[in-house]
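Since the structure of chain P is provided, determine the placement of chain R on it from the hints.
Residue numbers (the numbering used here), protein chains in the order written: chain P, 1 to 322; chain R, 323 to 609.
There's no promise every hint is true.
Below, a list of computed lysine to any residue pairs in the SDA-like style, where the Cα atoms sit at most 25 Å apart [said to hold, decoys possible]:
1) K187(P) / G338(R)
2) K445(R) / S109(P)
3) K448(R) / F13(P)
4) K448(R) / Y97(P)
5) K448(R) / Q411(R)
6) K187(P) / A118(P)
7) K245(P) / R204(P)
A short list of chain R residues far from chain P (calculated; beta carbon distances all over 10 Å) [unchecked claim]:
8) Q411
9) A441
10) T451
11) R468
12) K471
13) T565
14) V578
Computed list of chain R residues with no C-beta within reach of chain P, every gap over 10 Å [as the list claims (entries may be wrong)]:
15) N362
16) E416
17) A423
18) A591
Since the hints were made in silico from the structure, they are not lab data. Cβ coordinates follow ideal geometry from the N, Cα and C atoms, glycine included.
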Amino acid sequence: MTWVVWRQQRTLFLTLAIGLVVGVVTVLVLRAGSMADLTTRGLLGCVGKGIYECRVPAAAEFQLAWFEKMHIAAVTVLAAPLLIGVFVGAPLFAREYEHGTHALAFTQSVSRTRWMVAKFVVTAVPALTAVVVWQVVVHSWMDAVGNLGPLGLGPFYGTIFDGRSVSPVAYTLFAFTLGMLAGAVFKRTVVAMTVTLGLYVVVRAVALQTREHLLAPTRVISDEVVGAQVERGPLYVASGYLDAKGQVVADPAPLMNCVGREDAQGVVDTAACFRENGLAQRFSDVIPVEQATTLHLVEGSIFVGCAVLFVLGTAWAVRRQT
Amino acid sequence: MNASPVRAENVAKHFGRTRAVDECSFALPEGSVTGLVGPNGAGKSTLLSLIGGLARPTHGEITVHGTPVRGRMHPDVSLLTQQRPLYDQFTVRELMRAGAAMNDRWSAERADEVLDLLAGVEKDAKVRTLSAGARTQVAIAMALGRLPKVLLLDEPMADLDPLARDETLRIVMTEVAERGTTVLLSSHLLTDLGDVCDHLLLLDEGRVQLCGDIDEVLDEHLVVVGPADQDLERDGVVDSSRTSRQVTALVRGGSVPAGWETTRPDLEALVLGYLRASRTRRRVRAQ
Numbered sequence: 001m002t003w004v005v006w007r008q009q010r011t012l013f014l015t016l017a018i019g020l021v022v023g024v025v026t027v028l029v030l031r032a033g034s035m036a037d038l039t040t041r042g043l044l045g046c047v048g049k050g051i052y053e054c055r056v057p058a059a060a061e062f063q064l065a066w067f068e069k070m071h072i073a074a075v076t077v078l079a080a081p082l083l084i085g086v087f088v089g090a091p092l093f094a095r096e097y098e099h100g101t102h103a104l105a106f107t108q109s110v111s112r113t114r115w116m117v118a119k120f121v122v123t124a125v126p127a128l129t130a131v132v133v134w135q136v137v138v139h140s141w142m143d144a145v146g147n148l149g150p151l152g153l154g155p156f157y158g159t160i161f162d163g164r165s166v167s168p169v170a171y172t173l174f175a176f177t178l179g180m181l182a183g184a185v186f187k188r189t190v191v192a193m194t195v196t197l198g199l200y201v202v203v204r205a206v207a208l209q210t211r212e213h214l215l216a217p218t219r220v221i222s223d224e225v226v227g228a229q230v231e232r233g234p235l236y237v238a239s240g241y242l243d244a245k246g247q248v249v250a251d252p253a254p255l256m257n258c259v260g261r262e263d264a265q266g267v268v269d270t271a272a273c274f275r276e277n278g279l280a281q282r283f284s285d286v287i288p289v290e291q292a293t294t295l296h297l298v299e300g301s302i303f304v305g306c307a308v309l310f311v312l313g314t315a316w317a318v319r320r321q322t
Numbered sequence: 323m324n325a326s327p328v329r330a331e332n333v334a335k336h337f338g339r340t341r342a343v344d345e346c347s348f349a350l351p352e353g354s355v356t357g358l359v360g361p362n363g364a365g366k367s368t369l370l371s372l373i374g375g376l377a378r379p380t381h382g383e384i385t386v387h388g389t390p391v392r393g394r395m396h397p398d399v400s401l402l403t404q405q406r407p408l409y410d411q412f413t414v415r416e417l418m419r420a421g422a423a424m425n426d427r428w429s430a431e432r433a434d435e436v437l438d439l440l441a442g443v444e445k446d447a448k449v450r451t452l453s454a455g456a457r458t459q460v461a462i463a464m465a466l467g468r469l470p471k472v473l474l475l476d477e478p479m480a481d482l483d484p485l486a487r488d489e490t491l492r493i494v495m496t497e498v499a500e501r502g503t504t505v506l507l508s509s510h511l512l513t514d515l516g517d518v519c520d521h522l523l524l525l526d527e528g529r530v531q532l533c534g535d536i537d538e539v540l541d542e543h544l545v546v547v548g549p550a551d552q553d554l555e556r557d558g559v560v561d562s563s564r565t566s567r568q569v570t571a572l573v574r575g576g577s578v579p580a581g582w583e584t585t586r587p588d589l590e591a592l593v594l595g596y597l598r599a600s601r602t603r604r605r606v607r608a609q
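Okay, chain P solo, but in the shape it has when bound (with noise of 0.2 Å):
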């Protein structure tokens, strides 16, 4: 049955070789050019600072020219997931469906579970692969890169944590499985390749908006009422005032006392006003760099569960029968 598979499959998997190979020469090259232009501008010490720290111009200018490069191609690793999703998994089932072989496999003794699991480890595994060798080098290049790339942006930057750590593989799973199911389901090419599309990039939106609550985040306080508090870094999940006795203050009220309220020489005391009105400590409420990796495994293990009931899904779709 294997066999089968990996012969019914074997352009497909050609094609994604191919592009892959050709992805990651790309990506070495530009990773060697980028790597080359640090050393000719003294920058080889700047990796592990960043920009904010490393304020020299050649930082800047290094910048300037690599900078959207590196970006780019961490964006190629949020796209792969989808593409997988539609263009591997979507046709699986749906392909078969529409050029009637199903039945061709449904006639043989092979069960049709067993052909639906082959169908899916065969192909999953090598597009899985295909996900993570592509996410390997891209990052490659970043991390050799450091902060001076897009990696400066923290680690819960959208394009960042999406493409790092267990994240793009359960996006794969995920999106896969999804198209896998909804060819199952739908028995047609084109809409199981719309409905995938459509399905993931809202999962995913919603996804980036609510994974801040996953885990109960850590309250930093501050006593400077006013002032940039913001670091980059951590997932702000909430900010706010809090009283003398600790409590959050929920009354804008407060703070609108001392908005707007210049004396006649036009400076007013906004620290101060701010003490008399009540707000004693300014709190924000974060996800700590330190854990970036538990929120990938979380967020993770969520898409990979969905991934499983769709893949319980598929095997229903395909074992009923009309």
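The following block gives chain R in isolation, referenced to the frame of chain P:
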């Protein structure tokens, strides 16, 4: 009693309000070649896919050698569906390898034997490049490689030129002669059926109209011809047609009024009579 290769008991298959197969009961004798005939939409393909386990009956049960068919192909059954689904991008050789991989019981020799029959099929040719006749031959090789005891063929001769049609029938007949396979084949080609079939299963609107040994069935029927001014008011008239001079009718069983000319129908006349009657019934209902 249950040893019949294929037995259907009150089998029905409904698609929404359409009754594709309705209360079908029949049993095929071991080693028989049964022609499955009926008008378009009579439920022939549905019945074959029910026996093959591609679809599940709404109610009733089909057994193959006493084992109920439930949701998967019975190991002793091979089904050649009308669309001849094959992996188009495979070569013939690769397709046979796939057949071996997907079956617990597979005879590469038997499949090759079928491929080598007649003009022979080029084994390194891609399946999509094959002619309709060669494609059917490959599909039959796939079906026979499983060494079936029951062979179900849905329109095996459709789209074939007369030579390929004749040769396809020869492959099937050789199989029956050599291995005693029970065959159920649907076809619109009545003359071809007459050559190969010993049994007949006539379906109309999902119901069994006739089932049995062709000779016995023909013996039960008469074609009667009588004067146009006489009415043939009796039971058993399957179908009748009238010209200005005479009435011709196909009747089942019983006696015939004196003075009417009677002949035993041939298979073609019998089936045509039933098909015409079916169309008339439908037309009457539509009015």
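Evaluated hints:
no., hint, verdict
1, K187(P) / G338(R), "19 Å, holds"
2, K445(R) / S109(P), "23 Å, holds"
3, K448(R) / F13(P), "19 Å, holds"
4, K448(R) / Y97(P), "21 Å, holds"
5, K448(R) / Q411(R), "6 Å, holds"
6, K187(P) / A118(P), "18 Å, holds"
7, K245(P) / R204(P), "40 Å, violated"
8, Q411, "7 Å, violated"
9, A441, "24 Å, holds"
10, T451, "16 Å, holds"
11, R468, "7 Å, violated"
12, K471, "13 Å, holds"
13, T565, "46 Å, holds"
14, V578, "47 Å, holds"
15, N362, "19 Å, holds"
16, E416, "6 Å, violated"
17, A423, "5 Å, violated"
18, A591, "35 Å, holds"
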